[in-house]
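A.B. asks: Here is how the chains run, residue by residue.
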Amino acid sequence: MINQKLPKIWYGGDYNPEQWDKEIMNEDLRMFKLSGIDVATLNVFSWALSQPNEGTYDFAWLDEIIDRLYENGTYVCLATSTGAHPAWMARKYPDVLRVDFEGRKRKFGGRHNSCPNSPTYRKYSERIAEKLAERYKDHPAVLIWHVSNEYGGYCYCNHCADGFRNWLQERYTTLETLNKVWNTGFWGHTFYEWEEIVPPNALSEEWGVDNTNFQGISLDYRRFMSDSLLDCYKLEYNAIKKHTPDLPVTTNLMGLYKELDYFKWAKHLDVVSWDNYPSLNTPISLTAMTHDLMRGLKQGQPFMLMEQTPSQQNWQPYNSLKRPGVMKLWSYQAVAHGADTVLFFQLRRSVGACEKYHGAVIEHVGHEHTRVFRECAELGSELQKLSDSLLDTRIKARVAIVFDWENRWAIELSSGPTVALKYVDEVHKYYDALFQQNIQADLIGTDTDLSDYDIVIAPVLYMVKKGYAKRVEDFVRSGGTFLTTFFSGIVNENDIVSLGGYPGELREVLGIWAEEIDALFPDQSNQIVLTEPWGALSGEYKCGLLCDLIHSEGAEIKAVYGSDFYQGMPALTVNKFGAGHAWYVATSPEPSFLQGFLANLCKEKGITAPIPPVPGVEISQRTNENETYLFILNHNDQPVNVDLGTLNGTDLIAGQPVTNTVTLSAKGTLILSIS
Amino acid sequence: MINQKLPKIWYGGDYNPEQWDKEIMNEDLRMFKLSGIDVATLNVFSWALSQPNEGTYDFAWLDEIIDRLYENGTYVCLATSTGAHPAWMARKYPDVLRVDFEGRKRKFGGRHNSCPNSPTYRKYSERIAEKLAERYKDHPAVLIWHVSNEYGGYCYCNHCADGFRNWLQERYTTLETLNKVWNTGFWGHTFYEWEEIVPPNALSEEWGVDNTNFQGISLDYRRFMSDSLLDCYKLEYNAIKKHTPDLPVTTNLMGLYKELDYFKWAKHLDVVSWDNYPSLNTPISLTAMTHDLMRGLKQGQPFMLMEQTPSQQNWQPYNSLKRPGVMKLWSYQAVAHGADTVLFFQLRRSVGACEKYHGAVIEHVGHEHTRVFRECAELGSELQKLSDSLLDTRIKARVAIVFDWENRWAIELSSGPTVALKYVDEVHKYYDALFQQNIQADLIGTDTDLSDYDIVIAPVLYMVKKGYAKRVEDFVRSGGTFLTTFFSGIVNENDIVSLGGYPGELREVLGIWAEEIDALFPDQSNQIVLTEPWGALSGEYKCGLLCDLIHSEGAEIKAVYGSDFYQGMPALTVNKFGAGHAWYVATSPEPSFLQGFLANLCKEKGITAPIPPVPGVEISQRTNENETYLFILNHNDQPVNVDLGTLNGTDLIAGQPVTNTVTLSAKGTLILSIS
Amino acid sequence: MINQKLPKIWYGGDYNPEQWDKEIMNEDLRMFKLSGIDVATLNVFSWALSQPNEGTYDFAWLDEIIDRLYENGTYVCLATSTGAHPAWMARKYPDVLRVDFEGRKRKFGGRHNSCPNSPTYRKYSERIAEKLAERYKDHPAVLIWHVSNEYGGYCYCNHCADGFRNWLQERYTTLETLNKVWNTGFWGHTFYEWEEIVPPNALSEEWGVDNTNFQGISLDYRRFMSDSLLDCYKLEYNAIKKHTPDLPVTTNLMGLYKELDYFKWAKHLDVVSWDNYPSLNTPISLTAMTHDLMRGLKQGQPFMLMEQTPSQQNWQPYNSLKRPGVMKLWSYQAVAHGADTVLFFQLRRSVGACEKYHGAVIEHVGHEHTRVFRECAELGSELQKLSDSLLDTRIKARVAIVFDWENRWAIELSSGPTVALKYVDEVHKYYDALFQQNIQADLIGTDTDLSDYDIVIAPVLYMVKKGYAKRVEDFVRSGGTFLTTFFSGIVNENDIVSLGGYPGELREVLGIWAEEIDALFPDQSNQIVLTEPWGALSGEYKCGLLCDLIHSEGAEIKAVYGSDFYQGMPALTVNKFGAGHAWYVATSPEPSFLQGFLANLCKEKGITAPIPPVPGVEISQRTNENETYLFILNHNDQPVNVDLGTLNGTDLIAGQPVTNTVTLSAKGTLILSIS
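Chains as they are written, first to last, in our numbering: chain R, 1 to 675; chain Z, 676 to 1350; chain U, 1351 to 2025.
Honestly, the hints are just simulated from the structure, not real lab data. Fair warning: this is a prediction, and the values are worked out from it, not measured in the lab. Check each hint, because a few of them may be wrong.
No more than 16 angstroms apart at the CA atoms, straight line, and that leaves these computed lysine to aspartate or glutamate pairs for EDC-like [said to hold, decoys possible]:
# : chain 1 : residue 1 : chain 2 : residue 2
1 : Z       : Lys767    : U       : Glu1543
2 : U       : Lys1530   : Z       : Glu693
3 : R       : Lys105    : Z       : Asp775
4 : R       : Lys92     : Z       : Asp1122
Ranges of calculated distance between the beta carbons of each label pair, as one might list FRET restraints [as the list claims (entries may be wrong)]:
#  : chain 1 : residue 1 : chain 2 : residue 2 : range
5  : U       : Thr1524   : R       : Glu54     : 39 to 49 angstroms
6  : R       : Lys105    : Z       : Asn1311   : 53 to 63 angstroms
7  : Z       : Thr1283   : R       : Asn281    : 28 to 38 angstroms
8  : Z       : Gln679    : U       : Lys1892   : 54 to 64 angstroms
9  : R       : Lys105    : Z       : His787    : 23 to 33 angstroms
10 : Z       : Pro1208   : R       : Asp637    : 29 to 39 angstroms
11 : Z       : His943    : U       : Thr1524   : 38 to 48 angstroms
12 : R       : Asn281    : Z       : Arg846    : 37 to 47 angstroms
13 : Z       : Arg705    : U       : Ala1929   : 34 to 44 angstroms
Beta carbons: idealized from backbone N, C-alpha and C, even for Gly.
Just chain R, with the same shape it has in the complex:
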């Protein structure tokens, strides 16, 4: 638990007083108090300020800010400032500049601008992190380290090319193995020297977004780039830990960001933190799923909401205001899913450059008499009331959904069978079907132990890594319910097809053979027709995207296709395997099918919701040894009555007992402490 030094839900966010005249900071401190803000994230982009040239470091400005904050009761989340290198460094050491996907050497500018394999960047980013750690290791204000910022983006320079060859040599030892696992016999790609291998970009194997001529090299380059950036993070992490072994270290992740394998990253983070920027039209359940994924990165350990906007964003096409109550509601949604902090980007709006129209607690008008500030202050006050009660409580889910970045990369790099297959969408369909029924789920990686769960759902488990099929079999054999879908079991972790019939290594546990895979045009659909009514399901449902043409090899056929030349072939099967069951959904169904289907599975496993679903109302539970906290979140624009049934407890904020039916205001939240 990270919050010991300040045992409450931390409240605050990114803060840049160095960009302002000093008297402004007095106003800020006054307003922090008014709004219950107690944590400021500092130094995120101040590298150029702290290191004005190669030999000089100057942290006096930072000393003063930290001191003033601490004197005024505000703690610090201290960033290492390496999210963007200084202009002087780019000029003196061009190796810090990236070569982009088009093969162009970039110049100074923007963000995410450092080559992760640049010797200069590695040397100086590690050095400044260490200098900061040395300097502030004993400062009582510092709660946590924030390494760099939103790592991301790839580079294709010669340093990266060399690094890639070393990484490959490490992984495959010989070129013979590499030629094998990349299937280089195809299109005459046989390599005889390591130096013949070049990064896959628009000048070699790739084009556009995720189009490649050679899946093997493209997949490995994604792994290598994720690892390269992780190495940068680890250099700073270790430099810091030398001096402050007890202070937690994190870096802010970006939820469903595609380019980094966050499960691998999370092993090196003391706590996961992330930046939550839904748009007006992001489904509520997609935000919920992303929170659960971030929580899943470290097996359920609470995470930090590191950034969210108090109101508006600036980089979306149409930057709607967060409607009244929405900021608070979405803050509680984060907490409901495992966040132990509520932090904003940003505490004060900047006056210039590209984020000046990004919302802030303190707007350009500069005073507290704004809707946004009032809502922030109201939340600040409530978080003070909550004190430490929710800290480090956990979510107990009996259903797990597998999420795997490497699988995602492989699926979306695939040439065929359809460009319309998007991994996150398919995962979200299953998550949403549970969410609509108030069933909590964990998002887990492929390393996670399955035995804690009753049901494991692995949508589009295209890539089956070494040993994973065995683990699925063990899980099912021991009584678990496993579910996967079309286009699963196809390849190993090098994107090489498992021969002998789809779904490859999963064929036995699933008891089916997928002979062909039909890709439907966007305006085409087929139907899933139940062979007989089953629980919440009967009749027929729409499906599309891909249709596996499967044969049962022992599995029971629960539904068949309704049309086309494969009418009557199985569309949904279940195989009894040991004490458990393995399900195969051969196509991508409409939501109503998935809700009925997962309702049936949960019912079979005795998994029930705390309270029955109410449209637009989200439920989540956090618990510890003594307490259960039930979050009821009303996403509707209208008040809503929620029947608590036999539940009763205490409104954690109001401190009032609550029983029977409770009325939540529009966008209102109730946190019920159930003893």
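Given chain R, work out where chains Z and U should sit, using these hints.
C.D. replies: Same frame as chain R, now just chains Z and U:
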């Protein structure tokens, strides 16, 4: 007045006899006479012809053409030929070649191909301009100089980078100031040496169209590029003026072209000239507005219509023919808005390369028996009849609309609140509302004196330059009516937010505070609801795009929002300030609202139309001390009756008196001389 | 005739046993026998395997494969493997790497990756072809040579620039001529040294797809690139022929592929072969037309179907399965149009890289119990029954449609009058109108003798090459019916306009003058109104795209425009010229017009269909001196009855006599031998 040497509306256009066998020119001269053509624009793209290598100049071909034209009664608009450099120059001096937005050094080809900071280009473009001026300074055929051609396009080479640093040093003196006005503290952009600054393009700060990470540098680069190209123009201008101080000099502008600040350019043009290429679906009022903008560049001085097509264009997706009568109608539209010339691109159609399907007076068939030629000849004959009557007459408008390129750049470079905000569209909405009511407007820059006007409309006055708010206040205080809209008063001329509450420096004169700005999705709308019926307005009107959430600070609330959480907040306010009124339109309304609104304002100020509106009929008036010329332009496909009320006068072409009701043919024009 | 050594329709396809463990090949051989496969295409992408470094060649692996195949009754189509160069070569000799359209030097990767003017590529591709020819010249398994693979793509490197200058010098001798034919006077493009000329790409004259500032250079660069790649082919061709003068040599073409002038290529192919990859929504008649075009490349000589997929593709957006029966139906469609082979890509599906989801005879499951295999085996068995009966039979068409790559390039490079004009679409409209009436057509080039035909249709004959107008006149004078359309006769082969009125050199034979060309927006249309009912035509029909405004100069007016300002002007004319007729269709009509129109023309010429049209049923006839084979192809999803009228013959596969009415199953084919 430029037309003294040839005191009539000049008629002719671009002509390239050097691309043809000599006997063709005899035919051309014959047909010029048939069609009343008396001006040929020569030498626009003949640099490679006149200067076949570094040391040789050969104008004998041009001597002969000018002489032959003059002997046959055709005058000359003489271009300097520097619109595209010769291939030999690109090969010998690659510094003339641009580096494009993607950072790629270009090769020889296309147009707009010279780097404006290339020492070679500057040296040789100045030199050939001077040689031409020396040679033809006494030739009686030459009426005017046409420098280069349609200046445009940016470069990002090292010469430009150096030039940019010098320009910045000139403007800001110290890096400290530059760091301040660009707010470089953001994203660690602090500069310690001028050399660290690189041009903002796809390799540094920008991407796509008008997307940037750093508004300050991007805005200044646009200023610098506009100035760089202007410097090229000025070099030629000065070289010419040394030899022909009394001949006017111009360069052909491109109306609403975004990349150059034409208000700044116009100061260095003796006369504004421009190329008018509407498409079949360009609104008539947008063409009218562009003419008025071109006229406004030099405070109402008549301008030259330098290019238009007799019929077809070639570079649009679907190049419709100009319907019968349209060429003549649009020519008179130009004259009605202040043009004292009617010139075409081109007099004879080229046989090869990319403009061979661009219309010409003389088509590929080569004779006069074509619809297009007949229409040209008919217009030529009418222009002869008009003689010098319209020359140098002026348009007297009591309403001004502010148009500012720097504001436009800043708005469209902004990251947030919406990508849908296009400056020209918003300006055009207000212009069109006046146009539909036969109210003439001037388009003015931010330097223009406001005291000549009764009403000043400044749509989206996002950037308020130093001293401009004071000038608005003086204008209103003295009784003027000022009108601005949502997203105004936000930044200063460095795109740095004016703190203390929007609309910044305009807050006092407008009597309001804009607390938040909501961005609507394209399918969303709100309503403007009048608090009580007011003149032409009552009930409610649709609005969208952006909705400022404003509070009155003394302003009267004339209308409020009809829905969403800001229902009931002000949507239209007016503030009495001194003897005048300042209006704020907090959102982007539908056209019917703006027509009613501006009708009310005009009525209050006693501004009336010469004759009442007739659908599809455009009205304009040019006047001098003695005469008023009323243009009535029928854009309809059918004849139309226009009631002249108490007006009566003389049909300037037919020479007949006209009273009461007059019938205009489809696409017909009436120019009424009113004594 | 190529099939002498194996006198039947060859059956098989691409095969890569070198990518597999050796035991797999035993399974393959077993399944080849099961499915009647007798030809394997080998060595398509094995360059890197056979030449592991500059000095070493190793064909032992290939010896073994060829021997094993031959021992098992499978012949070989032997590729030269130069479709993609080895990685070591790219590293050692970067001149083999292309510079792309954006001017970027590419790195190793992908396909189509060799610069056609690279000295290294030319040297080593020729050398390996020769080595293969030497080695296998006497091997009884080898039926034919397959040079490289799907030649395509352009390069813009310095070697190509030099090559282009030489090519131009060869073609035009002097710069004076070049300046003339490119009309370089336009936009100051005059060249004084050959070295000033640079390839036209995104850094010089072109942008996007087929947009150029200079048509002349862009057109010639396409010719040059087509010739450069052809030179590469010819180097290999000649090297092979030195050793195996009697074995046929081909390279697989790509149907309507735009970048190569296949009529010019075909002169150097012993037999045309091509790869047929229709999508689910490709019109049947477009595939038919492409077959006819491939047949037309060598004046009707049977061609090879070199590649098609047994079921799925992988590179389309949505890769549908070929429905049951479709693979066989489309195979017979190829044969019906002149194919003497049916070959697949691929015999066994690869396990990795970008084509692993491309269908194959042997799928990843690896056994024969799949729908796809069963269908392949069924076809294999039928092809064995057909034996040599169809080989080298010909199609006798009395209607020819002109197809010309140079014309296509010029049309689509044109700036104006419309971006919507696509040459292939216009050609296909005419082809389809014949197809729907069971009238066979030949697709011919501009070299083809016209005297064999009764009707010659030349849609959008924009470019009229030297002497072609004369040939058209001779054809018509001798009694032929010639038909062309809007935007024809405009330019010569350098894209220079023929002066004196459109349609230029065709004006006399057509008896019309096209004064103007109107381009319609996509949502606009006009009407073709018959002046009086004529055969299958009466009343009015929709038209659009472009409308020529024509005047008759002797031609009879058969139809006029129905609206707009050119209402009543001719839209369809016919000119009696000598003993024949020349038709002009001034706009792009709807299909029903073209069907009626061509029905009328055919009727006049006594051209009739073998049997009347049945919806969804395709007809084709192949004949030799003794026999006529009528193909009836049912593309419907339902069985269909076809009335044979007085025809009767023998079902060539079933061996049964067929008379009167025959019922074809859904997707069924009947090949009727008519004596």
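A.B. asks: What are the numbers of the hints the structure violates, in ascending order?
C.D. replies: Per hint list: 4, 5 and 7 violated.
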